[in-house]
Amino acid sequence: MDADALSVEAADVRHHESTWRRLRRNWSVRLGGAVLAVLVVVALAAPWLGTVDPTLFDAGSRDLVPGRMGEITTLEGDTIPHRFIMGSDSFGRDIYSRVIYGARVSLSVGLLAALLALAFGVLAGLSAGYLRWVDGVLMRFMDGLMAIPAILIAIALVAMWRGSLPTVIVAIAIPEIPRVTRLVRSLVLSIREEPYVEAAVSLGTPTWKIMFKHILPNTMAPLIVQGTYIAASAILLEAILSFLGVGLPPDIPTWGNIMAEGRVQFNEYPHNVFFPGLFLAVTVLAVNILGDGLRDTLDPKMAKRV
Amino acid sequence: MSSVLEVRNLSVALPAGGDRRRAVENVSFGVERGEIVCLVGESGSGKSVIAQAMMGLLPQALPVAGGSILLEGEDVVKARPERLRELRATRMSMVFQEPMTALNPVMTCGRQIDEVLVQHTRLTAAERRAKILDIVHEVALPDPERIIASYPHQLSGGQRQRIVIAMALVLEPALLIADEPTTALDVTTQAQILRLIQELQARHGTGVLFITHDFGVVAEIAHRVAVLRLGEMVELGSKAEVLTRPQHFYTRMLIGAVPKIEPHGRPIDTSKPVVLATRGLSKVYSDRGWFARRREVRAASDVTLEIRRGQTLGIVGESGSGKSTVARCIVRLIDPTSGEIRLGGDEIAGKSRAALRPLRRKVQIVFQDPYRSLNPRRRVRDAIMEGPLNYGVPRAEARERAERLMELVRMDPGALGRYPHQFSGGQRQRICIARALAMEPELLIADEAVSALDVSVQAQVLALLEEIRERLDLAMLFITHDLRVAAQVCDYVAVMSQGQVVEQGPAAEVFSAPRHEYTRALFSAAPGRNFAFAKA
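Residue numbers (the numbering used here), protein chains in the order written: chain A, 1 to 306; chain S, 307 to 842.
So here's chain A without its partners, still in its complex pose (with noise of 0.2 Å):
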């Protein structure tokens, strides 16, 4: 008899089922998934449903219940008849148009910050986890940066620089950069002791490859885990500054800032913080939910339990 034959060898290629079918099949992803892309598609067609300018306000249409007709002052002067679905402000502003709107920032300071966040605290870990001269100038650096409270930082920047989207964005992202880095720096440490590594070194390849091409790709499922979380803690960190008053101007309209304006009426006209207030928790939720749906599925560690 041959022995090739029979031996394991000849078995054919095993067929691992794609990691985009596990993803597809997990109801956290799925529930999480859909709702933010709903989110999304809410925000970016904010114009064509039946929203009007977030920044117009009539003084006839103040303290509005929601569902009842009002009017509201176009900029060149115009008085249009408009159904307020959530009610209106203090200032006879659409609070339904503001909520919708406020979905844009809320989502891009999200994900701007935890791709910021992440492209730093990647850059960071790997140097301190690879190049070992600089892991301990760099970690105790980011000790330090720890140490401060998160929110903390981010009021001493944005005070610093003048609120806008950009300098909100950076103040939320730099308190993460300590996490990130710390979570990367652990994962290459475990890495580096890899043989595929030591195959690569023995193999002449230079170091910035070594760390970009074969320590950096197998860093990436928990990364995007860790980015998911740090949406969500960006999304509530935004909204908190803007309430306290010290995130965006108040011409731009953020779930905060709403929040905070409805906040002095809030017995009489609950409406004006419940329903951002409801949009953020659910964002909040779901992009959570999601994060759970891709640890479960994307960490090995995670993944093993049949």
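Hints were generated in silico from the structure; no laboratory data involved. Please read these numbers as outputs of a predicted model, since none were measured by experiment. A hint or two may mislead.
As the list claims (entries may be wrong) - Cβ-Cβ distance ranges computed for the label pairs, FRET-style:
| # | chain 1 | residue 1 | chain 2 | residue 2 | range |
| --- | --- | --- | --- | --- | --- |
| 1 | A | Trp27 | S | Arg417 | 53 to 61 Å |
| 2 | A | Val40 | S | Arg701 | 53 to 61 Å |
| 3 | S | Asn410 | A | Val137 | 37 to 45 Å |
To be verified - Over 12 Å on every C-beta distance to chain A, these chain S residues come out as not near it, computed from the model:
| # | residue |
| --- | --- |
| 4 | Thr495 |
| 5 | Pro726 |
| 6 | Ala814 |
All C-beta atoms, glycine included, are put in the ideal place defined by N, C-alpha and C.
Got chain A sorted already, so can you dock chain S onto it with the hints?
Chain S only, in chain A's frame:
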């Protein structure tokens, strides 16, 4: 004799989408009182699944699909969880492969044995203590008082496995299931543990189901042997029958693949140029604490080796002997503390990383673990082409070289576009060999390169390495703990123990007349060395 265990037509299902329908298909065998039955098979044969089924430890994804397991007449497949809990440790117990993970690191060994007694007996504290000291004494551990007060990490691997065995046997179960209990241990420790299991089993009349992949171990310990292949039992018989007159072709193939422990006896040509020579190579690890006393570990000291073109030098030793340290110093994955490494005409021990770069090409290494040696995120093509591209070989030429090498290692060049997870362990090891050869090295280091492979795959990879060495006239440094493998491939052998080369010389001499005491101990511990296996 009465049956302790009777397995009848046992089938265990696999989840849908697996490579076969059943993990175990229609398996029947028995274990008599006082008998050792070895369950032998390669990875994926279902041998561990059978053990788990007996203990009621099967994962939910693998339900028993049919048949029965009678433990002294009682069907454990139908037993309720509470009943199973009563049976475990009292009527049947299990010894696992890795004693470190089988023991709880935060409990003393004594308390872990005590837990079994508290659970299953009504003995008083004093009686339990006496029983614990008794059993610890019986598994031949020195100073039982000290041992039962120790935590697992304070004991050696062999001592830990003795504790696990003590735990399993303290209530004198009728059946002991041992799932690869010596695979994680060094060969000399393995010999002691095997002897211990045999002694205890004979003294207490315990029935033992011994699971292993190693025919050497089977030859040492078995009364009867059952051979499994892909979940089906292909052969069952007495040790002598199965090992010397195997009926099934699969058993014949497996036994034929077990390397012989005699050296190959190829003539050695001493006129060839020296490729690698180390002189006084040492590696010392030291803690550089500011306040603490400096602690030094000499991983390798004063290692002097020489390999000529076309020859294979084997470094043989147990874990912690420093054999891998030597290999990693030669590849300069770690920096040697002192000594010389001459590669052809170049001294590389003291060279800086940058100065080393042009010389890296000359030495390539294949590692032990085929599952971690290839980057899971990169295609096979990129892995093999990486080295040549680093040294400025044009892309088209590197690609062409990769295709040629795939053919050389007996794989389909069409598989170059695939990812590592789509290959078996043996196939991956072939890819790693191709990756190393792509650099056109002068010295190939195989660091336990076949140790993680099943015996049949191992034989094929060994044959491949042999063929490559001959065809390319390569010098090879072959690091292994397995004397049989060393005997098959090595022209010269260096035996290492505790960082030092204790004996070195032509393989034929070392194997036929070992001079050093340690070498002799190593040889006499090799399982199945006195057994005449059937020829394939």
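Each hint tested on the structure:
Distance hint check for tryptophan 27(A) and arginine 417(S): the Cβ-Cβ separation is about 43 Å, which falls outside the suggested range of 53 to 61 Å. In this structure, valine 40(A) and arginine 701(S) break the distance hint of 53 to 61 Å, their C-beta atoms being roughly 40 Å apart. Range check, asparagine 410(S) to valine 137(A): Cβ separation about 40 Å, and the 37 to 45 Å hint holds. Every beta carbon of chain A lies more than 12 Å from that of threonine 495(S), the smallest distance being close to 26 Å; the non-interface claim holds.
A Cβ of chain A approaches the Cβ of proline 726(S) within 12 Å, the least distance being about 9 Å, so the stated non-interface status is violated. Against chain A, the non-interface label of alanine 814(S) holds: every CB pair exceeds 12 Å, the least being about 27 Å.
In summary, the numbered hints that this structure violates are 1, 2 and 5.
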